[in-house]
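Could you use the hints to bring the two separately framed chains together as a complex?
These protein sequence lines map, in sequence, to chains S and P. The numbering of the first sequence is our numbering, which starts it at 2 and goes up by one. The numbering of the second sequence is our numbering, which starts it at 523 and goes up by one.
Errors might be hidden in some of the hints.
What the hints assert, rightly or not - Only pairs whose alpha carbons sit at most 25 Å apart, straight line, appear in this in silico DMTMM-like list of lysine to aspartate or glutamate:
1) P/K603 / S/E342
2) S/K20 / S/E342
3) S/K322 / S/D295
4) P/K541 / S/D341
5) P/K537 / S/D341
6) P/K822 / P/D772
7) P/K537 / S/E305
8) S/K24 / S/D199
9) S/K235 / P/D803
10) S/K117 / S/E172
11) P/K747 / S/D359
12) S/K266 / S/E172
13) S/K384 / P/D803
14) S/K182 / S/E168
15) P/K649 / S/E378
To be verified - Only part of the chain S face toward chain P is listed, based on derived beta-carbon distances under 7 Å:
16) P237
17) K308
18) D344
19) T349
20) N353
21) A358
22) M366
Read the hints as simulated data drawn from the structure, not as lab findings. By construction, the Cβ of each residue, glycine as well, lies at the ideal position given by its N, Cα and C atoms.
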Amino acid sequence: MKAIQSKFVFHGVHIPDRKHFAKDVPVEDCAPADTLTVSLSQGIGKPSVPVVAVGDPVKQGQLIAKAGGAIGSAVHAPVSGTVKSVTDCAIVIENDKKYETAYMQPLSDPTPEQIKARIADAGIVGMGGAGFPTAVKLNPQDPVDTLVVNGAECEPYLTCDHRIMLEHTAEIAEGARLIAKSLGIATIFIGIEANKPDCIAAFEAFDFIQPVILKKQYPVGSEKHLIYACTGRKVPTGKLPAAVGCIVQNVATCLAVFEAVRSGKPLIERVLTVAGKAVKTPKNLRVRIGTPLDAVISACTLTEDAKKIICGGPMTGAALKELSRTVTKTTGGIVAMTADETDTDAPTPCLNCGKCADVCPMNLMPMNTAFYTAAGEYDMAAKKGGVLNCIECGACAYICPAHRPLIQAIRTAKAEIRKGGNK
Amino acid sequence: MNTLVVSMPPHLKTKRTTKHIMLDVVIALLPATVMGCVLFGLSALLTIAISVVAAVLSEYVYALLSHRVWKDHAYAKRFWKEFDFTSVVTGLLLALVIPASVPWYYPLLGSIFAIVVVKMLFGGTGKNIVNPAIAGRIFLFIGLAAVPSCRAAIIGTVFSAAPEVGNDIFTGATPLTNFLNPDFGASITQSNLTDLFFGFGVAGCIGETCKAALLLGYIYLVVRKVIKFWQPLLYIGVTGLFAVCLNGFDFSAFLPSILSGGLFLGAIFMATDYVTSPKSDLGNVIYYVALGLITAGLRKATGIEVVSFAIMLMNIIVPLIDTYVPRRAFGYRRQRKEVK
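If we strip away everything but chain P, and leave its shape as in the complex, we get (with noise of 0.2 Å):
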């Protein structure tokens, strides 16, 4: 019996697959996971743990019950066996997002918003309209913002940064919330920065105060070639200098104003998620500007963290970018329009 394969062009393909990626981008997170644990403690851990597994869960049980093979272990296996990680991604992203201090069922509410509402309603890995760890986040800020220590947990008030332990909530506010306070503005000094940089005494959320953790891991996804190196360098730069023309072209307010907050946690990992960026060069620097110019405008203007809305807002322009972007074929010479 002949057993060769016949199949369409070409029989060489890349070793690199949907997987590989995936695994590429949560090992891009450990730093910034494992700088989180050290940073916030045991609870961070337990956030993380908890928000991971209930996103493989439910995803999981999502595909179960969509497939009506409850008891079909052939099944599970093919799932276990194809799985492409995308939950997982999703899930410690979510938890990188959100503070220490927010009771245990917060990540499990959120993880299963994303995977279930986000992602798996919307078509599964690939069919996402906006990122479903960002739409976890915002879903936890906006559905749990009435109880009264999550919303001083997430968006935070007016705070001291200087963290207390045994504080149920002494991750509170982030620097940047200080820092649009007047008073806050001429208080930062070198020290400051450094500890911004580092994350030290820095309230905020579990993955985004350590920048140094996140800067290696956006040099391991560049080197691995998952995202390209200007992409989170055009939104980060973007947010600073409009940052700095919005504060009356005070170039002091530049390096605060791109240490603070969740913008290098959202411009390397989340706003470069594939499924929900546009597909072209040209659509891509349209979609980073702009996400820089909303994220410092609308901090400007709400004095809260807006980064989560921006990339949200952005990823749901994305498919206008892809629409009306064009890309001009090799060798394409515009058309010389005939005159009448």
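Chain S on its own, in the form it takes in the complex (with noise of 0.2 Å):
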């Protein structure tokens, strides 16, 4: 369908996307690793519970952990190989190196209860970066009647949500109408920001999904202010998107599902980036869950400038002291920055400018967050900051222009709060 110019506005800020460092990097595999550390946290819920013992024989896709609880997700072997230790927080496969696979079997035309089993089964998460289970967005409380697709890919850096809406259009949007028909669902919604022209111009080839083109602007692909700009309705406070009758799901997402029930593979890659200044060959690469960062890392080559190392997109994601730590689900990408790029510099005191509460989404006042919470009123923070109905977007620490450290108060608040209770 011809691509609609999205045309409900919402605050927000224009920030240098920087998408060029992999922009135009065709995906690629990147080697495995001889041992793969998977988490058995992948993403929002209880962790999964180990099925495998040590010293077992895994194969690729087998199932090693199913879900902890009825929010979790299931976790799969990402090589085959032998069970090296369980832990209560993650499992270590030995990679043996034959890629021997143990797929589900591949469904050509299932009915709505089979693709909702076989999202739970393939252990599918919200690949965004919240990574809240897909099998559970999936039976919403309220009826649906709107799937808004998520190739905003609004934080900066990143650009592998962008190689895969080039290179596998056909199977996103098949995995949406899976999804779409899953819930029954007749409008699909895919929307893109204007920086990716290209990638609006693939998915106008298809009649069941209308492309939306959304305003270069930080936070677009927050799921309500998606929900907002592609379909004009307003998710109330403290409720989910199907209140107003929507699902949003990430292109990723999108390709998990279409793998997972026409070809039966389980959830056991992701394709991330690799960019930033101190990134000598900037990659989109395509990652077994459990690759530990560093090899992502080397097979980039980092610089010696480095003075940042970003899990995640750098608006939201986290800064890492050391390379320990594995691949997820959720693992959008991996920026390594130099001096020059990011920002260390010291707080200067609060000008109550108010542009923080301009560039805020969710018109909230996060210099009064920032306020109450350094005196220890979280009440009030909650009161006239609005706190609790924030989306971490980073958006007011960015443009504050005393550098103040609005996420770290934000974050501060929303802890003391939960824990007297939340009010």
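Following this line, the structure appears as structure tokens:
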């Protein structure tokens, strides 16, 4: 369908997207490591429960841990080999380099129930970053009539979604159709930021999916704002998207759903971006879950002057002190920044300029949150700053001319409010 | 040794810091400063120089004294490295709102009062309750009002608008004062208005006479996104319209009332001061409308220039506005009250 321009506006900030690093680099496979440490917390929810023991031989795609609760996801072996150790938080698998697969049966014409069951069996979680189990999302409380596919990728530096949208357009569209079928949804939107015209053109080829051109603005990829930009519906505060009849899935999730249903392949690898000025050859890599981050980075060669290494995007990702972590289902990228890209200056006094409130997509008052959090009055931070509605996008802290640590204050306030019983 | 830095996201931050914004304000004030020097001569330049230097030095000396580091060179170095130019803005603004004919120690006293009492004693940058430059001007106005020449210089009596070179207080009455005088109202003509706009032959404070230069600064501030374009316009517009209402819906009063006095300078550079204006858009609308009403109303009632008093008054009310003007979150829905 012909792409339409989104006409719904909300507050946000314009950030230099710096996607030039790996925008035109095709996805390539990352060499599998010798030992893979598969975390048992792949996203939100209870940690998964191991179903293998030390010494067990496993095949690629074999279930190694089952969902730990109602909100949780299954975990599968990313390579064939032997289980070296099983702990409460991770399963270590030694790669035997044979790559024998044990995938599920492909489904050519599945029923809605079969699709939902397959998505749960394949351990698919939201791959945009939050990692909410997709199978749980597909059992909404309220009736839904619209599927919004998230191809916004508004985080700077990251280009993995951009590349898969170009290289796997048909698969993503089919995955979206499968998700829509499982819920009996007729309308499918795909929201793509205006800086990716090639992706928008690619999705115009399908007659069942409506591409929406999103204004280049951060954070247009946030769930609530994507729904608003595509459909004009505002998710009420404190409610889930299903309250307005919408469900949002990332493009990478759609691809994973397609692979799980059509070829029976569980979620054992994902595409991530390695970019930044401190990376010699920025790449988009298809990496197996459990690969150590330093193996991923060394595939792209880190320069000496790296000042910050970030797991995820630079606006919401976590800065790493060392590269001992491994890739999970929600790792969208690794960004290595030099000193001139990032900012390590000390904060200066707040000027009350109100720029943080101007850019807040949730229309909150971040400066009030910071003020009351510093004073230890967390109730007031919620009342005057609206901290409980915060999506932690980081737009406020980006624009702050005094470089106030606003996200730190917001997270402190949220943690303290939760501790004291969520009022 | 691992030298990676760990911090909370976001890891990208804007390059526009407080220092850049304050430098932008200084740049925006330059046209008015230059025009002030052109119109009022060397004494204006001297006043500006004394005021700015006094402001910066008093901040420096206060910092040294309050940290008890009189001879610590490392501290001095850090002070100048972190210097954020807010005191330059204060000093410059203060000089622009006093006449050029005042004795040299007026800007000195005013700057020291503005920086030390109004800004630093309240906690420094970002903590002051009222705009320091406004407070400095009002301090001079009230504190030194007993000195007859000062009173004439700052608020003006009914005085000839034509400058007389050689007269100590040739920058006496602002056209506003004359305009409020019944005899003067009839004499407003097209050429008067042009003079008012460009500041030629108009008495007044150093920076406030040339409206063209101030508008240049306004355009610069809007382009650089330091202020929002509607803020000064709202203030000026409400002032003009309310003056029209107060003068019996005589629309010929609109242009003279907005072009005279310190309204442009106050609306563009002083009311928009980040620290002392409301945080939310709705709060700002209330703030600027109230400013306009107070300015026009008090001008009519008192017959003197009241922009600085209006701004100071509203500065004090800003915390109230911030407290009682709510901001609704994205997706906010009004909770229905349960029927008991």
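Structure-based check of all given hints:
1. P/K603 / S/E342: Roughly 21 Å between the alpha carbons, so the hint for P/K603 and S/E342 holds.
2. S/K20 / S/E342: Roughly 13 Å between the alpha carbons, so the hint for S/K20 and S/E342 holds.
3. S/K322 / S/D295: With a Cα-Cα distance of about 12 Å, the restraint between S/K322 and S/D295 holds, given a limit of 25 Å.
4. P/K541 / S/D341: Distance of about 18 Å is within 25 Å: holds.
5. P/K537 / S/D341: 10 Å, holds
6. P/K822 / P/D772: 14 Å, holds
7. P/K537 / S/E305: With a Cα-Cα distance of about 24 Å, the restraint between P/K537 and S/E305 holds, given a limit of 25 Å.
8. S/K24 / S/D199: 11 Å, holds
9. S/K235 / P/D803: Answer holds: S/K235 to P/D803 is near 21 Å, not above 25 Å.
10. S/K117 / S/E172: Distance of about 18 Å is within 25 Å: holds.
11. P/K747 / S/D359: 12 Å, holds
12. S/K266 / S/E172: With Cα atoms ~13 Å apart, S/K266 and S/E172 stay inside 25 Å; holds.
13. S/K384 / P/D803: 18 Å, holds
14. S/K182 / S/E168: 23 Å, holds
15. P/K649 / S/E378: 19 Å, holds
16. P237: 5 Å, holds
17. K308: 6 Å, holds
18. D344: Check passed: Cβ of S/D344 comes within 4 Å of chain P, closer than 7 Å.
19. T349: Result: holds, 5 Å to nearest chain P Cβ.
20. N353: OK, holds: S/N353 within 7 Å of chain P, min 5 Å.
21. A358: 6 Å, holds
22. M366: Constraint on S/M366 satisfied, holds at 6 Å.
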